[in-house]
Amino acid sequence: MGIVEFQNVSRVYKNGDHEQWALNHVNLSLEEGKFVVILGPSGAGKSTLLNLLGGLDNPTEGTITVDGRDISTLNSNEMADYRAAKVGFVFQSYNLIPTLTVIENVALVKEIATDPLSSHDMLEAVGLLDHKHNFPSELSGGEQQRVSIARALTKNPKILLCDEPTGALDSETGVTVLKLLLSMAREMKKTIIVVTHNQNIAKMADVVVRVKNGRIQSCEEQANPLSVEEVDW
Amino acid sequence: MLKRKLFRTLWVYKAQFISMVIMIGIGVGIFFGFNIEWYSLKVDTDEIYEATGFADFRVINEGGFTKADLEKVLAIDGVTDATRFLSVNTTVQNDPDIVALTVSENMNISGVLVTKGEAYDPESPDGIWLSDSFAAANDIEVGDEMTFVYKSITLGGRVKGLVKSSEYLICLPDETQVMPDFHSYGYAYVSPALIGNALDKLLPGLGTAGFYPQLHIKSELEKKDLVKKLEEVFGKTYMVLSKDETVSWSEAQGEVNEGKTMGSVLPVLFLAIAILTMVTTMHRITASEKTQIGTLKALGYRDAKILRHYTSYALFIGLAGTLLGIGIGYLLGWYIMNPNGAMGTYIDMPSWKLYVPWFCWLVLAVMNLFLTAIGFLSVKKMLQGTAADALRPYSPKRMKHMRIEETKAFKALGFGIKWNLRDCLRHKARTAMTLFGIVGCTLLIVGSMGMLDTMNAFMDAFYDKAINYKTRVYLDAESITNAEAAELAELYKADWCAQRSIQIEDRGFVLEIYSVTRDKVRFPDQDMEFFTLSDDGAYVCGRIARDFNLKVGDMLSFEPFDSDEKYTVPVAGIVSSMSESVVMTKAYADKVGIPYTVSTLFTDETEIAQNQHILNSQSKQSILDSFDTFMELMNVMIVLLVIAAVVLGIVVLYNLGVMSYTERYREMATLKVVGFKNSKIARLLIGQNLWLTVIGIIIGIPAGVGVLKYLLVALASEYELKLVLGPATYLTAILLTFAVSFIVGLMVARKNKHIDMVAALKTEE
Chain F
1 MGIVEFQNVS
11 RVYKNGDHEQ
21 WALNHVNLSL
31 EEGKFVVILG
41 PSGAGKSTLL
51 NLLGGLDNPT
61 EGTITVDGRD
71 ISTLNSNEMA
81 DYRAAKVGFV
91 FQSYNLIPTL
101 TVIENVALVK
111 EIATDPLSSH
121 DMLEAVGLLD
131 HKHNFPSELS
141 GGEQQRVSIA
151 RALTKNPKIL
161 LCDEPTGALD
171 SETGVTVLKL
181 LLSMAREMKK
191 TIIVVTHNQN
201 IAKMADVVVR
211 VKNGRIQSCE
221 EQANPLSVEE
231 VDW
Chain G
1001 MLKRKLFRTL
1011 WVYKAQFISM
1021 VIMIGIGVGI
1031 FFGFNIEWYS
1041 LKVDTDEIYE
1051 ATGFADFRVI
1061 NEGGFTKADL
1071 EKVLAIDGVT
1081 DATRFLSVNT
1091 TVQNDPDIVA
1101 LTVSENMNIS
1111 GVLVTKGEAY
1121 DPESPDGIWL
1131 SDSFAAANDI
1141 EVGDEMTFVY
1151 KSITLGGRVK
1161 GLVKSSEYLI
1171 CLPDETQVMP
1181 DFHSYGYAYV
1191 SPALIGNALD
1201 KLLPGLGTAG
1211 FYPQLHIKSE
1221 LEKKDLVKKL
1231 EEVFGKTYMV
1241 LSKDETVSWS
1251 EAQGEVNEGK
1261 TMGSVLPVLF
1271 LAIAILTMVT
1281 TMHRITASEK
1291 TQIGTLKALG
1301 YRDAKILRHY
1311 TSYALFIGLA
1321 GTLLGIGIGY
1331 LLGWYIMNPN
1341 GAMGTYIDMP
1351 SWKLYVPWFC
1361 WLVLAVMNLF
1371 LTAIGFLSVK
1381 KMLQGTAADA
1391 LRPYSPKRMK
1401 HMRIEETKAF
1411 KALGFGIKWN
1421 LRDCLRHKAR
1431 TAMTLFGIVG
1441 CTLLIVGSMG
1451 MLDTMNAFMD
1461 AFYDKAINYK
1471 TRVYLDAESI
1481 TNAEAAELAE
1491 LYKADWCAQR
1501 SIQIEDRGFV
1511 LEIYSVTRDK
1521 VRFPDQDMEF
1531 FTLSDDGAYV
1541 CGRIARDFNL
1551 KVGDMLSFEP
1561 FDSDEKYTVP
1571 VAGIVSSMSE
1581 SVVMTKAYAD
1591 KVGIPYTVST
1601 LFTDETEIAQ
1611 NQHILNSQSK
1621 QSILDSFDTF
1631 MELMNVMIVL
1641 LVIAAVVLGI
1651 VVLYNLGVMS
1661 YTERYREMAT
1671 LKVVGFKNSK
1681 IARLLIGQNL
1691 WLTVIGIIIG
1701 IPAGVGVLKY
1711 LLVALASEYE
1721 LKLVLGPATY
1731 LTAILLTFAV
1741 SFIVGLMVAR
1751 KNKHIDMVAA
1761 LKTEE
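Top line first, the protein sequences correspond to chains F and G. So in my numbering, the last one in the first sequence is 233, and the numbering has no gaps at all. So in my numbering, the last one in the second sequence is 1765, and the numbering has no gaps at all.
Don't take every hint at face value.
To be verified - If you anchor each label on the Cβ, the simulated ranges turn out as follows:
| # | chain 1 | residue 1 | chain 2 | residue 2 | range |
| --- | --- | --- | --- | --- | --- |
| 1 | G | S1395 | F | G167 | 39 to 47 Å |
| 2 | G | F1007 | F | S183 | 28 to 36 Å |
| 3 | G | K1381 | F | T63 | 49 to 57 Å |
| 4 | G | L1377 | F | K14 | 39 to 47 Å |
| 5 | F | N8 | G | E1406 | 31 to 39 Å |
| 6 | F | Q20 | G | G1385 | 34 to 42 Å |
| 7 | F | W21 | G | L1369 | 49 to 57 Å |
| 8 | G | F1007 | F | K110 | 58 to 66 Å |
| 9 | G | K1381 | F | K212 | 23 to 31 Å |
| 10 | G | L1362 | F | G167 | 57 to 65 Å |
| 11 | G | R1004 | F | K212 | 32 to 40 Å |
The hints are simulated quantities; they were obtained by calculation from the structure and are not laboratory data. As the structure is a computational prediction, the values presented were derived from the model and not from experiment. Heads up, the beta-carbon is just placed ideally off N, CA and C, and yes, glycines get one too.
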């Protein structure tokens, strides 16, 4: 059994009489420690998949099991506990708290995580220890995304969920951030799930899931994924 | 199309808009209400003063004035009209009620306004024109017969009309009474003929000559000039009271001034909060609408059109709030100013029309212009630069490091505290406004409840403790000797008091000479502590001490009326007194040689036998009962003010809370995504409110005490009040403010459950 199991999962948004099937009877199994890329055009359902997996939303039907626990029927508080313990998020728009300094943003998650790592060590690992007393607004976009990665990993989650993590960055910074993200997650043996429409990122993945019109089109393992340097950016 | 947008946007920001409208409504309502109150009182009382010829001066001579005296006065240059006047307290036969029997020879002065029945007839041999309020309270109708008794004289007649008179606008038997009680005290006008017949029976010829101990004068002269001219005419000094020294004028003017004070202090607080909240709200709304403003600009809308559109929000809020406020104002004005309302139980006048002073409209117009200008400037700021600049979302100020962050204490703080602290410093205007709302809430509760404490302490000191007798017996000072009075005092185991009218500089006061051997009367000092009068000098009341700048040890000079003597005595102390009086012991009066006749006994006996020297008696209970209405009214006002305080607190805090919530929506969504539970985020939000509440209370309590002190100074000419604040007041202010803050925090925090994490995190910062 994989660390992530989707069994017949659907997510339907109702707008009056109109029903929109964001996910339509999806089945998916992902193994622990893999780097998974979910590819698809806008509106394909990839973000919905990530939101359900991240405990930000509940499915309309079906079962989602993460690390052996069914998360599809959790209530609000149980979802919060799940997010605090199992998943780390990295967003396209960083989502740092503007009124907390870099170190405080990272240390923030220690208030709720069950088994957190040292925020100081994580900040050192992303190379921003010198900026620890800066506010987010004093950093560049790439630096802010690195803080966001440090924050996600400090929680010591089983799974790292990344929604277009390089979407707001120029390609050079994007590559640097991606490299850091992958090396750290691999070193810490985390399962990484990245949602993107960037085909290049998919070349580095262990598993590539293609989504279209709310359905899984394919789920392929890549025998020889490329390294960041090998990809033609 | 933009009009549709206007209404839809109003709906989107409904919480802010509604709270703004309520804030402005309360501010305008209180401003309007109190100004309507004092101004209507002024206009309505002026109407009855005019209609019944309220006299400018009263000259008093216990021996009475002759027709020749009146002629002399009428001949004085500057006197426009005058009348001989009599007012004497009589008892209603077979009834304990007291009626001031009144005759004015010339009814153009100190006359009446007939509200029912026949017009006043100066020749009527049996006509009684009775106070309509007294008639209503005692079920007396036109046509009923009444008999009044004064000493051995009995006067009977038939009620021919019901009347009101400005002479008895505030119908009090004496200065110890605070509120009129028409069940037990009223007035009646009779013709000179009726009283003449009665007097003729007593002493033939007396009725024809008439007995009038007062002259009422209409004159534009200054009091000192009139006094001088009267001295020239009569060759002696009579006691002259200007209208400022009569209850029916001074107390009504006191009410007008009180209304003016209330109409200026309280509304300033509410309107200032409303305007400041408007500044913050309009800024936030235009900031969050910035991309829409940019879009309209990019589409080709001219700046002027966009400005007009967004400015109309402020105009709309201002006008809606103003209309609500005018409604509340009229309601408040009517509540106080109606014949059955607060003022109706105090002031007895025929017309209760409401009037708005002109400046109120001006203030409203200026306020609305100002509010509109706030909207205009907020939008103008967002429109600056090119269309591309306007399209960029509004970015709040960048965070700056504070010195305090270097301290160990700050570093040791939890993340929530740091978060809230920095948020407060980043959004200083919002924080200041929240604080302002909390301070306002605490201030109003402390102020209003403190006023109640102060009035209760005042009542307790003056009426419960200072009055240590059960019955007050009025003696006929004209016929009794001091030896006879001493016998009566011994019979009733009473203490006694003698009164003389005196003049200090050019103002009239009462000298009270006491013999207190049985502890029936007590004297409170300025701190409301009771003390025993010493035989070393005179005691002046707080108002005389203040007006003549007298301290203990200073010398006080006064002249009794009807005599050429002048006394200069040391001030032995300052007493708190209901009346403006000078007090001394019998022993000291004897030492200085001031003549007096005993006029009042204070006893625990409740059965007072008929005696030729006893005019009437009054029980302590009847004095206390007259305050019930007064205290009930006071309680209602306090409850209304406390409700206003709570509404103010809720509206301001909710408006700013929602604003803060909207601004931090993304931050809270982030916290939620990383795994913070709703309850923990709620604690953070409520935490910020509660700290601000602590600071607000710390500022609000002394501010409330300050406002109360200011009000007491403003009321000082009416009452000698000592500021008293009970622990319950402090506790209520603290608990109520905390409760408001906590409940509003909870209301805002409940929104956490509905945070759309996904949508919030997708948005651009």
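Going through the hints against the structure:
no.: 1; hint: S1395/G - G167/F: 39 to 47 Å; verdict: 20 Å, violated
no.: 2; hint: F1007/G - S183/F: 28 to 36 Å; verdict: 55 Å, violated
no.: 3; hint: K1381/G - T63/F: 49 to 57 Å; verdict: 53 Å, holds
no.: 4; hint: L1377/G - K14/F: 39 to 47 Å; verdict: 44 Å, holds
no.: 5; hint: N8/F - E1406/G: 31 to 39 Å; verdict: 57 Å, violated
no.: 6; hint: Q20/F - G1385/G: 34 to 42 Å; verdict: 39 Å, holds
no.: 7; hint: W21/F - L1369/G: 49 to 57 Å; verdict: 55 Å, holds
no.: 8; hint: F1007/G - K110/F: 58 to 66 Å; verdict: 47 Å, violated
no.: 9; hint: K1381/G - K212/F: 23 to 31 Å; verdict: 46 Å, violated
no.: 10; hint: L1362/G - G167/F: 57 to 65 Å; verdict: 58 Å, holds
no.: 11; hint: R1004/G - K212/F: 32 to 40 Å; verdict: 39 Å, holds
When the structure is compared with the earlier hints, violations turn up for hints 1, 2, 5, 8, 9 and for no others.
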